[in-house]
Amino acid sequence: MMKFKSLLAAAAMALGVCGLVQGAQAETLRVGMECTYFPFNYRTPEGEMAGYDVDVAKGVAKIIGADLDYVCQKWDGMVPALLANKFDIIVASMSITEERLKKMDFSVPYRVSIGRFLGPKGKDLKLFDEAGKPVPANFDGLRIGVERGSTYSSWINAKLPGATLQVYDGNEPMLLDLANGRVDLAITNPMKAYLDFLSKPDGAGFEFVSPPIDEKEFFGIGVGIGVRKGQDELLKRINGALETMIKDGSLKEYSLKYFPFAINPDNWQGVGTN
Amino acid sequence: MSGTQPVIVLDRVCKNFGAFRALTNVSLSVSKGEKLVVCGPSGSGKSTMIRCINRLEEHDGGRIIVNGHELTKDSRNIDAVRREVGMVFQNFNLFPHLTVIKNLMLAPRLVRHKNKDEARAVAMKYLERVRIPNQADKYPSQLSGGQQQRVAIARALCMNPEIMLFDEPTSALDPEMIAEVLDVMTDLAREGMTMVCVTHEMGFARSVADKIVFMDAGEIVEAATPEAFFTKPQTERARQFLSQILAH
Amino acid sequence: MTLDPQLILDSLPLIAQGLGITLKLLFYSSLFGIALAVITLLMRISGRWYLSWPAQAYIYFFRGTPILVQIFIIYYGLPQFGFIRNSILWPILREPFTCCVIALGLNSGAYVSEILRGGVLGVDKGLTEAGKALGLSSPQRFIYITAPIAIRLSLPAYSNEFISTLKATALASTVTLMDVTGVARTLVSQTYAPYEIFIAAAILYLAFAWISYVALAWLEARASRYVKKGN
Ligand SMILES: Nc1ncnc2c1ncn2[C@@H]1O[C@H](COP(=O)(O)OP(=O)(O)O)[C@@H](O)[C@H]1O
Ligand SMILES: [Mg+2]
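Protein chains in written order, with our numbering: chain A, 1 to 274; chain B, 1 to 248; chain C, 1 to 231.
Read the hints as simulated data drawn from the structure, not as lab findings. Wrong hints could be hidden among the right ones.
As the list claims (entries may be wrong) - When the alpha-carbon atoms are kept at most 25 Å apart in a straight line, the in silico SDA-like pairs for lysine to any residue are as follows:
1) C:K125 to B:D79
2) A:K74 to A:Y42
3) A:K192 to C:Y144
4) C:K132 to B:L246
5) B:K138 to C:D10
6) A:K74 to C:Y192
7) B:K102 to C:P79
8) A:K229 to A:I64
9) C:K125 to B:K125
10) B:K114 to C:E161
11) A:K200 to C:G122
12) B:K73 to C:S138
13) B:K73 to C:E129
14) B:K138 to C:E161
15) A:K123 to C:L93
16) B:K138 to C:M43
17) A:K192 to A:G240
18) C:K132 to B:G18
19) B:K102 to C:E161
20) A:K123 to C:L42
21) B:K102 to C:R141
22) C:K132 to B:H113
23) A:K216 to A:N157
24) B:K73 to C:R141
25) A:K121 to C:P79
26) C:K24 to C:K125
27) B:K125 to C:D124
28) C:K132 to B:D137
29) C:K125 to B:G145
30) B:K114 to C:F142
31) C:K24 to A:D169
32) A:K74 to A:G132
Stated by the list, open to error - To be clear about the criterion: a stretch of chain C counts as covered by chain B if any three or more of its residues have a C-beta under 8 Å from a C-beta of chain B, and this derived list gives those stretches:
33) 9 to 18
34) 27 to 34
Said to hold, decoys possible - Cβ pair distances, simulated, as ranges:
35) A:G162 to C:K24: 21 to 31 Å
36) B:K125 to C:W53: 27 to 37 Å
37) C:K24 to A:D232: 54 to 64 Å
38) C:F27 to B:P133: 22 to 32 Å
39) A:K159 to C:S224: 31 to 41 Å
40) C:S212 to A:K229: 18 to 28 Å
Just so it is clear, CB atoms sit at the ideal spot from N, CA and C, and this is done for glycine as well.
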């Protein structure tokens with residue numbers, strides 16, 4: 001018995017070692033990304049790949065024991081390139097959508113889709129209660145800037161009937177009007193808001209006036225790692241790696257490198273939501 | 001018929017259009033009640049001269065005194081002269097967007113501050129005088145040329161002018177309509193109106209005019225009674241002009 | 001790409017919700033434009049260079065630049081100046097609606113001013129002289145003789161300008177207004193059915209343009225009833 005067991009262990013060891021050796025030599029994950037999407041996937045002035053997507057890709061690669069090979073790909077050809085086997089996975093801030101799920105698989109989200117309200121600093125409008133739920137009455141009569149057709153406007157229509165929506169064709173004019181006082185609040189992707197506005201002189205007098213709002217039925221599931229259909233084994237390993245990274249706080253650590261707030265899912269919700 | 005005091009005095013009047021001299025030292029005097037006919041070849045300055053009398057043209061030299069008002073840059077004098085001088089144009093110049101009656105009522109209401117009823121009464125009086133009271137509510141475009149010119153005369157008369165200026169009032173008319181306009185003018189002359197008429201209607205001139213002035217090249221070449229002018233023109237230019245006119 | 005006629009029909013009532021704003025924009029900016037046109041026209045024909053030059057500069061600027069640029073200058077440009085945001089004008093300039101009315105009105109004013117000037121130049125000089133000879137003052141001649149005739153002469157060109165303004169109101173959707181185009185664009189962003197929805201919007205514009213043409217043609221006919229037919 002003992003002998004058999006140790007044999008098995010030795011075999012397992014051998015297999016494991018063998019796997020490791022194989023991974024070091026043979027398993028290279030080719031990752032598709034734009035390489036120009038600051039601060040998610042971009043090149044530093046020194047030519048190093050960096051960004052939240054890159055950190056996630058590196059973290060996953062480390063856990064599953066693979067080498068990374070970056071393939072820079074224009075956005076509109078990203079999915080076709082994956083399907084044509086130009087690379088193995090997409091880690092490019094790609095949102096998980098029904099449409100895309102017809103053609104490919106996604107990991108669990110490694111970044112959440114959220115919205116946050118921006119408003120002037122220091123005005124205690126009491127827009128949200130302690131539990132982070134909106135207080136509709138306190139939105140009455142407020143003008144809120146939203147991007148045309150964005151999920152945020154659907155959310156406001158559903159939750160805040162007393163607010164007046166002012167619809168913009170882009171984030172920049174909306175934030176300009178917020179700065180000029182044409183709208184009382186604006187709701188948008190907090191990452192964009194931070195990069196384009198709050199971190200700039202124009203946004204100095206403004207701050208987030210809401211907690212992150214992440215209702216999936218409005219805002220979607222989030223951003224995941226894309227793989228070709230039929231790669232269930234790879235997908236499983238990637239999900240496993242993401243689980244580890246969510247639980248041990250590495251995702252949060254990565255996100256705080258780029259933003260003063262977390263953009264990662266803050267607890268493990270299991271696989272299968274998508 | 002002619003009174004004694006001059007109501008129109010032109011004293012060495014000059015008028016230039018840019019470098020072109022349209023009137024040269026034109027001197028003229030018209031007494032109250034006098035009928036002056038002005039004739040001369042086309043381009044001789046007849047219109048320019050008559051238009052200077054109510055300041056439709058601004059003269060460049062000499063003096064013009066109308067009913068005691070000297071025409072200068074002073075707009076009060078210009079207004080005073082225009083209130084007392086009526087004018088009839090070759091092209092009628094009726095206001096096309098107003099009915100006949102409203103053409104006649106406009107100036108009495110705006111300038112004489114008559115109320116609607118007074119203005120209408122005056123207008124109807126003169127429409128009857130020119131023998132077209134039944135056209136009062138038509139637009140000018142619905143009238144014949146002769147009717148339009150008679151309306152134009154009535155329009156000027158509604159302002160109760162002391163002097164009437166006519167600048168070739170029948171030249172734009174079909175021949176069969178000339179008489180109806182000349183009849184009205186003859187009536188007016190009989191009533192004692194002071195009149196200055198630029199016209200080539202020599203029959204009218206002969207029967208109505210107290211004096212005929214013949215212009216050529218911006219100058220008054222001859223001034224005479226109709227009798228003298230038609231029978232013994234003093235200049236070669238007048239003779240030539242008359243032979244052309246009367247040949248028609 | 002196949003067209004879904006049902007979707008066109010279904011989206012018509014939705015897009016029609018924007019008709020109110022479109023028509024209000026059209027109404028106020030046309031009114032404002034006419035007022036501006038009359039003022040600048042008077043400045044131009046005043047014969048005084050210090051009135052005529054600014055008017056010409058205004059007309060030149062607004063006829064020579066795209067309306068979209070004018071809207072952006074007024075909507076996004078002016079608030080860049082702090083003193084404007086602190087001025088009594090801010091409650092007016094803060095509103096996208098009034099910004100659009102100002103931009104469209106300024107633009108239409110420039111065109112209408114030229115149209116009216118054409119009308120004024122088209123009035124027979126003899127009529128003004130008849131007015132002078134009757135003793136009418138210069139304002140009286142303008143109000144009672146020149147203006148009514150000039151307006152009639154301007155109506156056909158004005159009718160085109162009015163339709164142009166109607167179409168230009170669509171630009172208001174770029175500064176957050178939910179006019180016909182604004183609603184249509186929002187629907188498109190939600191349904192990804194641009195053909196059907198923009199066709200529905202086009203139908204609404206066409207219908208109103210047609211009504212405007214008919215109304216203005218009627219007005220023109222009325223204003224021209226004194227003009228002799230057939231010559
Ligand atoms: N506004 C004007 N500008 C330039 N030249 C003019 C103007 N009015 C008249 N003239 C010229 O002055 C001359 C006299 O014109 P006018 O008085 O109309 O002649 P008439 O009435 O005798 O035919 C003509 O040569 C004419 O071309
Ligand atoms: Mg003449």
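Against the structure, the hints come out as follows:
A threshold of 25 Å between alpha carbons decides the hint, and for C:K125 with B:D79 the separation of about 19 Å falls inside it, so the pair holds. Our distance criterion of 25 Å between C-alpha atoms is met by A:K74 and A:Y42, whose separation comes to about 13 Å. Pair hint A:K192 plus C:Y144 does not hold up; C-alpha atoms about 62 Å apart against a cutoff of 25 Å. As the CA atoms of C:K132 and B:L246 are separated by approximately 35 Å, the hinted pair breaks the 25 Å bound.
A distance of roughly 54 Å separates the Cα atoms of B:K138 and C:D10; the hinted pair therefore is violated under the 25 Å criterion. Between the alpha carbons of A:K74 and C:Y192 the distance comes to roughly 23 Å, so the proposed pair stays at or under 25 Å and holds. Note on B:K102 and C:P79: the hinted pairing is violated, with a Cα-Cα distance of about 53 Å set against a maximum of 25 Å. Our distance criterion of 25 Å between C-alpha atoms is met by A:K229 and A:I64, whose separation comes to about 19 Å.
The suggested pairing of C:K125 with B:K125 is violated, with an alpha-carbon distance near 29 Å, which exceeds 25 Å. As the CA atoms of B:K114 and C:E161 are separated by approximately 40 Å, the hinted pair breaks the 25 Å bound. For the hint linking A:K200 to C:G122, the alpha-carbon distance of about 58 Å lies beyond 25 Å, and the restraint is violated. A C-alpha spacing of about 15 Å is found between B:K73 and C:S138, which places the hinted pair at or below 25 Å, so the restraint holds.
Between B:K73 and C:E129 the CA atoms are separated by roughly 17 Å; this keeps the pair inside 25 Å, and the hint holds. Under the criterion of a C-alpha separation no larger than 25 Å, the hint pairing B:K138 with C:E161 is inconsistent with the structure, at around 33 Å. The suggested pairing of A:K123 with C:L93 holds, with an alpha-carbon distance near 24 Å, which does not exceed 25 Å. A hinted pair counts as satisfied when its Cα atoms are at most 25 Å apart, and B:K138 with C:M43 does not qualify at roughly 35 Å.
With a C-alpha separation of about 29 Å, the suggested pairing of A:K192 with A:G240 is violated against the 25 Å cut-off. Distance hint between C:K132 and B:G18 is fulfilled; the C-alpha atoms sit about 23 Å from each other, no more than 25 Å. Under the criterion of a C-alpha separation no larger than 25 Å, the hint pairing B:K102 with C:E161 is inconsistent with the structure, at around 32 Å. Proposed proximity of A:K123 and C:L42 is contradicted: the alpha carbons are some 50 Å apart, above 25 Å.
For the suggested pair B:K102 and C:R141, the alpha carbons sit about 14 Å apart, so the restraint of at most 25 Å is met. At roughly 16 Å between alpha-carbon atoms, C:K132 and B:H113 fall within 25 Å of each other, so this suggested pair holds. Simply put, A:K216 and A:N157 have alpha-carbon atoms about 16 Å apart, close enough for the 25 Å limit, and the pair holds. Between B:K73 and C:R141, the direct Cα distance comes to roughly 19 Å. Compliance with the 25 Å bound is thereby established for this hinted pair.
Distance restraint check for A:K121 and C:P79: the Cα-Cα separation of roughly 20 Å lies within the 25 Å cut-off, and the hinted pair is therefore satisfied. Among the hinted pairs, C:K24 with C:K125 is inconsistent with the structure: their alpha-carbon atoms are about 39 Å apart, more than 25 Å. Distance hint between B:K125 and C:D124 is unfulfilled; the C-alpha atoms sit about 28 Å from each other, more than 25 Å. At most 25 Å may separate the alpha-carbon atoms for a hinted pair to count; C:K132 and B:D137 meet this at roughly 24 Å.
Between C:K125 and B:G145 the CA atoms are separated by roughly 19 Å; this keeps the pair inside 25 Å, and the hint holds. Of the pairs offered as hints, the one joining B:K114 and C:F142 holds, with about 20 Å between alpha carbons and a cut-off of 25 Å not exceeded. Taken as a hint, the C:K24 and A:D169 pair is honoured in the structure, with Cα atoms around 22 Å apart against an allowance of 25 Å. Between A:K74 and A:G132 the alpha-carbon distance is near 38 Å, which puts this suggested pair outside the 25 Å criterion.
Chain B is given as covering the region 9 to 18 of chain C, and this is violated because 0 residues of the stretch bring a CB closer than 8 Å to a CB of that chain, at least three being needed. Three residues within the 8 Å Cβ limit are the bar, and the region 27 to 34 of chain C against chain B gives 0, so the coverage statement is violated. The hint said 21 to 31 Å for the Cβ distance between A:G162 and C:K24, and at roughly 23 Å that hint holds. Look at B:K125 against C:W53: about 49 Å separates their beta carbons, and that is not inside 27 to 37 Å.
For the pair C:K24 and A:D232, the supplied restraint of 54 to 64 Å holds, since their beta-carbon distance comes to about 59 Å. For C:F27 paired with B:P133, a C-beta distance near 45 Å fails the hint of 22 to 32 Å. Look at A:K159 against C:S224: about 58 Å separates their beta carbons, and that is not inside 31 to 41 Å. For C:S212 and A:K229, the Cβ-Cβ distance of about 56 Å falls outside the hinted range of 18 to 28 Å, so the restraint is violated.
In this structure, the earlier hints numbered 3, 4, 5, 7, 9, 10, 11, 14, 16, 17, 19, 20, 26, 27, 32, 33, 34, 36, 38, 39, 40 are contradicted, and the remaining ones agree with it.
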